[in-house]
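Chains as they are written, first to last, in my numbering: chain A, 317 to 667; chain B, 317 to 667; chain C, 317 to 667; chain D, 317 to 667.
Calculated directly from the structure, the hints in this document are not laboratory data. Just to be clear, a hint being listed does not mean it is correct.
Each pair may be met inside one copy or between any two copies, as identical chains are not told apart.
[What the hints assert, rightly or not] Derived lysine-lysine pairs resembling DSS-like cross-links, with alpha carbons at most 30 angstroms apart:
| id | residue 1 | residue 2 |
| --- | --- | --- |
| 1 | Lys529 | Lys359 |
| 2 | Lys387 | Lys320 |
| 3 | Lys510 | Lys359 |
| 4 | Lys359 | Lys320 |
| 5 | Lys359 | Lys387 |
| 6 | Lys510 | Lys529 |
| 7 | Lys572 | Lys529 |
| 8 | Lys428 | Lys387 |
| 9 | Lys529 | Lys428 |
| 10 | Lys359 | Lys428 |
Chain by chain, the residues run as shown.
Protein chains: 4
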Amino acid sequence: MPQKLRAGLVGVTGYTGLELARLLASHPNLELVRATSRSEAGKRLSDLFPNLLQTAPGDVTLTQPDVADLKGACDVVFLAVPHGTAMDMAGELLDAGARVVDLSADFRLRDKDVYARWYGLEHRRTDLLPQAVFGLVELYREAVRGARLVANPGCYPTSAILGLTPALEAGVAETDGIVIDAKSGATGAGRGAKVPMLYCEVSDTFRAYNIGKHRHTPEIEQELSRAAGSDLVISFNPHLLPMNRGILSTMYLRLKTPMSTAEARALYAERYAGERWIRVLPEGVLPETRNVRGTMFCDIGLVADPRSGRLIVLSAIDNLCRGASGQALANANLMLGLPEDAGLSCAPLLP
Amino acid sequence: MPQKLRAGLVGVTGYTGLELARLLASHPNLELVRATSRSEAGKRLSDLFPNLLQTAPGDVTLTQPDVADLKGACDVVFLAVPHGTAMDMAGELLDAGARVVDLSADFRLRDKDVYARWYGLEHRRTDLLPQAVFGLVELYREAVRGARLVANPGCYPTSAILGLTPALEAGVAETDGIVIDAKSGATGAGRGAKVPMLYCEVSDTFRAYNIGKHRHTPEIEQELSRAAGSDLVISFNPHLLPMNRGILSTMYLRLKTPMSTAEARALYAERYAGERWIRVLPEGVLPETRNVRGTMFCDIGLVADPRSGRLIVLSAIDNLCRGASGQALANANLMLGLPEDAGLSCAPLLP
Amino acid sequence: MPQKLRAGLVGVTGYTGLELARLLASHPNLELVRATSRSEAGKRLSDLFPNLLQTAPGDVTLTQPDVADLKGACDVVFLAVPHGTAMDMAGELLDAGARVVDLSADFRLRDKDVYARWYGLEHRRTDLLPQAVFGLVELYREAVRGARLVANPGCYPTSAILGLTPALEAGVAETDGIVIDAKSGATGAGRGAKVPMLYCEVSDTFRAYNIGKHRHTPEIEQELSRAAGSDLVISFNPHLLPMNRGILSTMYLRLKTPMSTAEARALYAERYAGERWIRVLPEGVLPETRNVRGTMFCDIGLVADPRSGRLIVLSAIDNLCRGASGQALANANLMLGLPEDAGLSCAPLLP
Amino acid sequence: MPQKLRAGLVGVTGYTGLELARLLASHPNLELVRATSRSEAGKRLSDLFPNLLQTAPGDVTLTQPDVADLKGACDVVFLAVPHGTAMDMAGELLDAGARVVDLSADFRLRDKDVYARWYGLEHRRTDLLPQAVFGLVELYREAVRGARLVANPGCYPTSAILGLTPALEAGVAETDGIVIDAKSGATGAGRGAKVPMLYCEVSDTFRAYNIGKHRHTPEIEQELSRAAGSDLVISFNPHLLPMNRGILSTMYLRLKTPMSTAEARALYAERYAGERWIRVLPEGVLPETRNVRGTMFCDIGLVADPRSGRLIVLSAIDNLCRGASGQALANANLMLGLPEDAGLSCAPLLP
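So that you can see chain A by itself, here it is in the shape it has in the complex (with noise of 0.2 angstroms):
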């Protein structure tokens, strides 16, 4: 058996940490060989995680990040770290000449001013971003596969994008006054302690959060004004779920001519065609977050209102899988030149 190529994941503890390791664990062509944290070095990933007992991920003892060990002991490394963290990490090992895929928003916007004003931060590697490639590979693939730094898109603007790109590339959509009303299941907020995520205080409610105010915002309106031809504002609206994983975006369009649902799914049905991950539902047919579980799948469901003149997409994914580790594999994949669905290959796991 050929020797797998190696990978390293930096900031292992969260659950999109716990998500890349779980599917190393069954990747045909790359291992993981180093999973870094700052408060557990010296564990074995089993100990974070029993579900990885008997796994090769969970033996993996972890250990303090280094640039140097990561450069020389992987082929690639994974950052999931806070953004702001993120970037001085990823310059370093990009200056030690290592492959980098960072999970973090820092390298997914263009415009530095952008993420200053969102971010509340001062871009301190504005000199790598005209090499990162916005890692959606539908949308950019061969650029990932040249690419050493991989910006992997944020979960709610990978529904997003993938839903609304066709429509607007065609042309059929007015731009302005599009509204995105995304629920997330909870992984979404990540595995910190705080009280409002407690399971008391997410189960069997349901809430909105950031309306008007998501930093998703400007990602989504970077690639929708570049698939539109033009610069555009959205409303996007998150809201939390009481369930673990994924993402639902229904999106309001308003249409510029009238448009059957039947019209509207051939457009998108050739727009994507060949695509391995897209999964343009059949007329009647709406996504169901849990038909994507685990997997790397987008379902897009489409409705033609006539009463309103809309055309309203649905979008579902995996918020932990395509919307951040399973993305952040496939494009891996690609830059190592291997299989782009290496280890991706699992079908939704449901109920």
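With chain A's structure known, arrange chains B, C and D on it following the hints.
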């Protein structure tokens, strides 16, 4: 102790029947004396609903629905039977001189043609439409007081109408292009045995349904058109939440002229001044469905989004209580000359 | 209307505090006048718990705990602070002449050495142990009436003691080898920010904890030994359920001589005859936690299993209400000469 | 690439069918070629289960069950039909020379009288009982290899038998008085439309069922008696958890002579040395159902409780995978000479 007034409940085996029974268990002035069911007659209510053991409603023996008996035994009759069935029974009861609160859709719509188009039935008691009062107490309190027939509003419409009426009455929002993205707990689907409503089909997942074609659309449009003073068309989009009770409607308006969140809040606070069950939340606080659980409260949050020129209105209710049985009870209280909030004074239960 | 008696609540920011506030919102004779918190003083209770907006308790402004102030302002003081802290505060309040209901474990155990062994503390107010009354109303009603200090029982012990007392008093079961397999909703863990209690760590999963070493063990043994008339040792085994409220204890006894389910039921029904909150379920009906949600009810189901010679007793309560705050309120009602069920008459809320 | 072996699935519309299809989607050596359903013939599997869109099993067209067709088209046939039905179909398939894995109870019990007593049926193919192999791979691996008919074990029995076998074989526990308190997610009840299994009847609540009379009792007793070397009777007590998948069995043994947790752990670790799917957890670590989600893992935790002289054994599995379809697939792999873990190598998915 003065004799309690007497309530009858037709169609007791569903969740709205269960909720009415629960509320009547601690009502100081009204007691359940009749509970009817074609299939379960002869059993006690506590046989169907063991939570009601050793409560007064639990001891009621179910009977077959009989109009003369109901008229003689009850001061008010609640109908919790399907639309189509309700109109005939309501008619018979009214003809016999009874007071009726109908929880179905049969008397909510003023226009019988609209009813036929959305419910697929020719209305058989249009003679009663003029006297039917739409039972949303904040809007129609005085008319409810004098009514013999109250059409209890739908759950989604209650949330939407309460949430949008102030903005539309004040004329601050465009009346075209309104989007309502509504999310409801699973009791909204009723208690019938259907595979899509099994636990394993609803838990840990999220989906939309009936996009563009939900029957509550005309009801919402009827009342919002009234508030706006002109006919309008909305986009109403329901979703199923993995939880038991609660509705949150996130509603998107385009402001005619810019308005701050504080100004919007002041408008709403003034419109609903003195209304015991409307809570216009402080700026920066958004509604959660659990905060109104089991009660008549409607929590409204407002966010003005200058970037998109929108006012986002969030409206949370308990679909079973405020959206059905609690509201029916409040209507009955008014019809019977009782305090409006009799039996409706428990605080929201959480977690 | 006669003046209401006055209640104070020390340590209001947890779930038991929230539950007491909820219950007091509709108590006819007792109102919340003091709510203390070292960290949140100055805020209104509705700032912490928006469900209480526009309710009387919601308007209470939080203050720092002050013994003299509490004594002067309150007819009864509820302590919802951690064990170890409670004993000092209870002592000070009693010394000042106040009536105290302590929700902690500090005064539940008769034997200070047992307390020291299980809670790791030397008891600092053993002088108060003789007057402390174990606040399980079905067993100690008269003593509670005359008490100045009530030790509110633990949640798991409430379920276990109510469930097993009749069989042990009647001497129908062996006293060795008793197994209690208890399952509780997550509010039982409190409202502290801890990773293991995050939504994503509790939802859609199930686990045991503290097997063989839970602190409620000696409390259960104390009261069951009393019922049996001889010291006994149990195996108490708690588990964490993915739900908010509720405890179900499945308890395994070995019958001394064979007994039918009907005979067991008759024994229990007789022992608890007239007890408003104990519902010995009909043969063939087993308890469900939701059937007691938000109330003082304890539902008991019994199954005699001739194959194994066992009597299986199932006991369901709401851990927050009957297992903590509701029971505390019932105790306070007795201490204040109010009807025992004042403020505790709402029916169980479900679904 | 070598041709894949071919699998048929009779009775595909339930959760076990769905789970088998999911697993086959990424099986390197075995593909689904037949999926039968009396009611859904003609549809594609992805019409029933949209999660399987764009996967190989999703493209399979459902057919009516036909023995000759199944024999000709398949190398192995999985039966996921109700007990009573399965025995006839299994018989026909075996008579035709096929290999069969039966997921029903029909061939699990050695004694046809025991079967009759618990399942209320006279067994019609007792001639097949001698060749039927109980498909618990850790116990019967070699027999499964050579079998033509495997009786796939029940879900609860899998958890209980794996959990108790080492202690019973070693003779460290009394064989009388064993208590099994088992808790299962709702997929265990199947996918039939029944009111008690509706979302709103299962969510946020907990209950026991079939106490003292569950059909899995004789199956557990059969295998535990084998392990112990003498007939024994257990008390088996199932409960329904508000979650989708997973079983945790908490099992209570009385130790013959005192034993520490470490000693118990060593006994189990030795008994299961080399078994890829049994994880005897470190001392102090208890199993959680989510840690085995979607896999064949069985996690076992042990606690010796000197106070009560008991050994408490906790055993967690995924009821749909290890408790049904995954185990069936492992059995089929063995029967077909494939690697036992082919198609079963994904790591547990969580949260």
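Checked against the structure, which of the hints given earlier come out wrong? 10
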